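The primary structure of each chain is shown beneath.
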Amino acid sequence: MAKRLPPKDVAIVGFGWTGSILSKELTDAGLQVVALERGGFRDTIPDFAPSTIQDELRYAVRNGLFEEPHRETLTFRNDASQLALPMRQLGSFRPASGAGGAGVHWNGQNWRFLPSDFVAYSHNVQRYGKKMLPEDMTIQDWGVTYEELEPHYDAFEYLCGISGKAGNLGGKIQPGGNPFEGARRREYPLPPLKRCYSTVLFDKAAKEVGFHPFPAPAANTSEPYKNLYGVQMGQCTFCGYCEWFGCGNYSKSSPQACVFPVLLGRDNFELRSQCEVTRVLRDSSGKRATGVAYVDVTGEAYEQPADLVILCAFAQHNVHLLLLSGIGKPYDPQRNEGVVGRNYAYQITSSVDVFLDEIMNPFMGAGALGQIVDDFNGDNFDHGSHGFIGGGYIANWNTGGRPILQHHLPDKTPKWGSGFKKALAENYLKSTSLATHGCVMSYRGNYLDLDPTYHDVYGNPLLRLTFDFHDNEHRMSKFLTDRAAEIAKAMKPRAMHPKPRKGHYSIVPYQTTHNTGGAVMGTDARTSVVNRYLQSWDVPNLFVMGACVFPQNPGYNPTGTVGALTYWAARAIKEQYLRNPGPLMSA
Amino acid sequence: MARISRRELLKGAALLPAAAAVATTAPITFVPRTMPSSGGRPPDYTAPAQGFLDSREKAFVEAAVARIIPADELGPGAKEAGVADFIDRQLAGPYGAAETWYMQGPWQSGTDQQGYQLRLSPAQLYRAAIAKIDQHLKQSQGNRTFAQLDAKAQDDFLHALEKGEVKISGDLGKEFFEILVVNTVEGFLADPIYGGNKDFIGWKLIGFPGPRYNYVAQIDQYGRKFDMPFVSIAGRDTGIREA
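For the protein sequence lines, the chains are U and C, in the order given. Note that the working numbering gives residue 310 to position 280 of the first sequence, counting from 1, and the numbers run on in steps of one. Note that the working numbering gives residue 188 to position 178 of the second sequence, counting from 1, and the numbers run on in steps of one.
Because the hints were derived from the structure by calculation, they are not lab data. Keep in mind that this is a model prediction, so the values were computed, not measured. Any given hint could turn out to be false.
[As the list claims (entries may be wrong)] With a straight-line cut-off of 27 Å between C-alpha atoms, the simulated BS3-like cross-links for lysine-lysine are:
{"#": "1", "chain 1": "C", "residue 1": "K173", "chain 2": "U", "residue 2": "K522"}
{"#": "2", "chain 1": "U", "residue 1": "K452", "chain 2": "C", "residue 2": "K148"}
{"#": "3", "chain 1": "U", "residue 1": "K237", "chain 2": "U", "residue 2": "K33"}
{"#": "4", "chain 1": "U", "residue 1": "K317", "chain 2": "U", "residue 2": "K33"}
{"#": "5", "chain 1": "C", "residue 1": "K235", "chain 2": "U", "residue 2": "K234"}
[As the list claims (entries may be wrong)] Computed far set for chain U versus chain C, every beta-carbon distance over 10 Å:
{"#": "6", "residue": "S81"}
{"#": "7", "residue": "E180"}
{"#": "8", "residue": "G270"}
{"#": "9", "residue": "G368"}
Heads up, the beta-carbon is just placed ideally off N, CA and C, and yes, glycines get one too.
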């Protein structure tokens with residue numbers, strides 16, 4: 031029998047970026063908040079201390095900070111005709127487990143989406159006509175606009191201490207920034223990071239071929255910074271251990287560095303780590319959440335009653351929890367009906383490795399130290415003749431030069447033997463890589479549901495992922511890779527090695543942890559799980575945060591928009607819902 | 011990743027004790043094997059190494075890593091860097107036991123896109139493959155083990171294994187060789203606390219200075235070689251621990 035606990039005002043499920051921000055905002059409003067985190071507690075010291083965190087094998091290769099498939103994984107197939115099999119070890123994406131979530135181990139590449147991204151369906155139909163959209167493409171408008179989110183993007187950027195250069199201040203294009211971005215109210219909180227050599231060469235080459243490079247918006251602090259909540263951060267030292275690692279220097283934005291110091295000691299807040307929520311509980315009407323059921327690390331089961339439940343787990347885990355709890359109609363791809371699991375999307379990446387004559391010192395890096403070309407993202411260019419919609423950015427990131435996973439070797443280098451060793455010695459210091467980061471649209475055949483065969487450690491069915499890349503994405507990615515190769519060529523390399531993305535999506539090689547969709551937002555309950563305030567259509571005292579609400583996946587890293595949507599939802603909860611608990615929109 | 015025939019690999023799995031082959035769809039009783047996100051612990055580099063391999067298996071790995079990254083005119087290779095010890099320790103730990111992997115049945119062969127579907131942990135894969143390789147060589151190489159062959163014959167055999175020309179329990183040999191190369195590179199380039207990259211042999215070859223932490227003053231000195239002494243998580247370039 032589950033042990034029933036004293037009730038709380040709010041139960042937060044998952045304690046990463048969204049869970050910690052909402053805990054802060056709702057304890058500000060005087061509510062009693064409990065956050066339930068499936069993984070362990072982690073803090074800057076001792077867990078990310080610089081003296082131990084710079085360990086590539088432990089963290090990047092052996093997955094020290096990520097979820098462990100033996101507890102929780104999913105099954106995967108490319109299409110519904112195949113038998114889905116479990117993802118037995120992490121590969122294509124790496125969700126976190128533990129306090130801070132993936133906000134601990136991200137690179138800090140912090141973007142706003144384009145204004146046209148939020149109206150992807152109506153914008154593309156208006157500009158190119160319905161015939162540009164394949165019959166099985168299920169993209170839709172978000173129900174929230176860039177202009178509505180702008181103050182909340184600003185809040186998240188000033189929480190994180192983003193280093194960057196504005197390209198559009200109140201509609202006026204600024205030299206040195208991204209000329210394609212939506213209008214912003216003010217400059218970034220911090221100036222851009224210092225540049226490393228490869229980004230200087232990339233910048234020069236990109237300008238030579240007629241593109242518009244600018245410094246990437248970085249959640250790595252270029253200077254000491256006091257954030258939105260008054261928390262002090264330090265200056266990034268370019269140690270080169272951001273992605274897959276926690277930051278021990280208080281200079282990569284994370285829940286630990288930016289939110290924990292003002293939240294954890296509050297009387298009306300409680301964090302319970304190593305507690306995994308397995309169901310959202312409802313009353314007999316099915317229309318009201320009564321709390322959550324969870325299991326602690328010893329296997330003991332509990333019921334936590336709460337007036338308000340907010341799902342803040344990683345994208346697909348929120349969807350899994352909705353499906354397990356029977357909330358919302360599961361998506362049926364045959365009939366194209368139902369909503370939970372619908373419009374799962376991902377991103378499509380490729381690269382061009384560049385081999386140069388001079389020393390690049392790749393190990394002096396930071397997760398979001400990079401120079402970007404955004405000329406071919408979203409609808410920043412005329413797609414008329416290209417036969418696809420959407421786009422992505424081209425970057426020279428220098429996230430670090432960690433030797434096992436971040437060495438580049440010329441094409442046709444032997445995989446072992448003296449030839450391999452010689453190539454390692456000759457190229458490690460004198461190479462860099464250009465990355466493309468492309469959008470993925472939503473399709474009828476790409477979705478999440480419950481697996482009929484495989485179970486997790488609690489005996490619950492695993493989530494089942496059915497996903498493949500479509501022609502639109504392959505054409506777009508090839509186009510981006512070709513543009514990246516033009517820049518690479520202008521860098522006058524001694525050799526270059528384009529690595530286009532081809533064929534079926536594979537769960538094996540790491541690509542990106544930008545999984546989206548499955549519980550999408552919108553203004554029509556027939557095609558969305560949550561309304562434009564991220565409130566469940568079916569259970570109004572349940573909200574769902576994170577990239578699972580994206581109706582399709584634009585060509586940028588998702589965290590900036592996840593943060594902005596969290597502040598947007600927090601305002602709706604505080605200013606509307608708490609005054610009059612009930613649906614914030616009529617279905 | 012090279013193409014792997016999972017059906018063949020599953021046959022290779024028949025080498026294992028029958029208990030490991032039981033498939034189940036029943037809900038699993040909750041038994042936490044590791045604490046969530048414990049991340050493993052860094053090794054105690056002062057403790058004597060606890061290995062997994064027996065002496066015959068260790069001799070194979072010593073000889074094989076010496077061919078994968080050989081000692082040559084560029085300097086010492088994987089053997090001199092202690093990579094066999096690194097692999098031995100890794101196989102004895104959570105990695106070797108596939109401790110964090112999802113290892114519940116039913117076991118089925120899938121597509122390349124679906125990834126590893128063997129019921130073998132890395133340690134079990136090494137054990138099964140090395141036994142089969144030595145058995146194969148005994149018949150084809152006049153009773154000699156891999157370690158007893160000359161360098162040329164060893165290279166020829168590894169090339170044949172890589173290309174799948176030598177069949178070891180179907181494609182088990184090919185799959186094993188891929189993992190062996192990956193583990194060799196890991197050991198050559200990981201922090202020396204794990205037993206490989208001894209005396210910074212790997213990092214000195216490529217020019218990685220180790221976890222130096224702060225490059226604010228150097229990052230915009232374009233094209234200049236960074237020549238501070240090599241460091242490890244555990245200490246300076248005077249051996250593993252500070253003198």
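Right, here's what the structure says about each hint:
Between C:K173 and U:K522 the alpha-carbon distance is near 35 Å, which puts this suggested pair outside the 27 Å criterion. Proposed proximity of U:K452 and C:K148 is contradicted: the alpha carbons are some 33 Å apart, above 27 Å. With a C-alpha separation of about 64 Å, the suggested pair U:K237 and U:K33 falls outside the 27 Å cut-off, and the hint is violated. Taking the CA atoms of U:K317 and U:K33, the gap is near 23 Å; set against the 27 Å cutoff, the hint holds.
Under the criterion of a C-alpha separation no larger than 27 Å, the hint pairing C:K235 with U:K234 is consistent with the structure, at around 22 Å. Chain C draws U:S81 into its interface by the beta-carbon criterion, the shortest separation being 7 Å against a cut-off of 10 Å. At the 10 Å boundary, the C-beta of U:E180 stays outside the reach of chain C, the nearest C-beta of that chain being 33 Å off. Remark: the non-interface label on U:G270 conflicts with the geometry, its nearest Cβ contact in chain C lying 8 Å away (cut-off 10 Å).
The non-interface label for U:G368 is consistent with chain C: the shortest C-beta to C-beta separation is roughly 25 Å, beyond 10 Å.
The structure shown violates the earlier hints numbered 1, 2, 3, 6 and 8.
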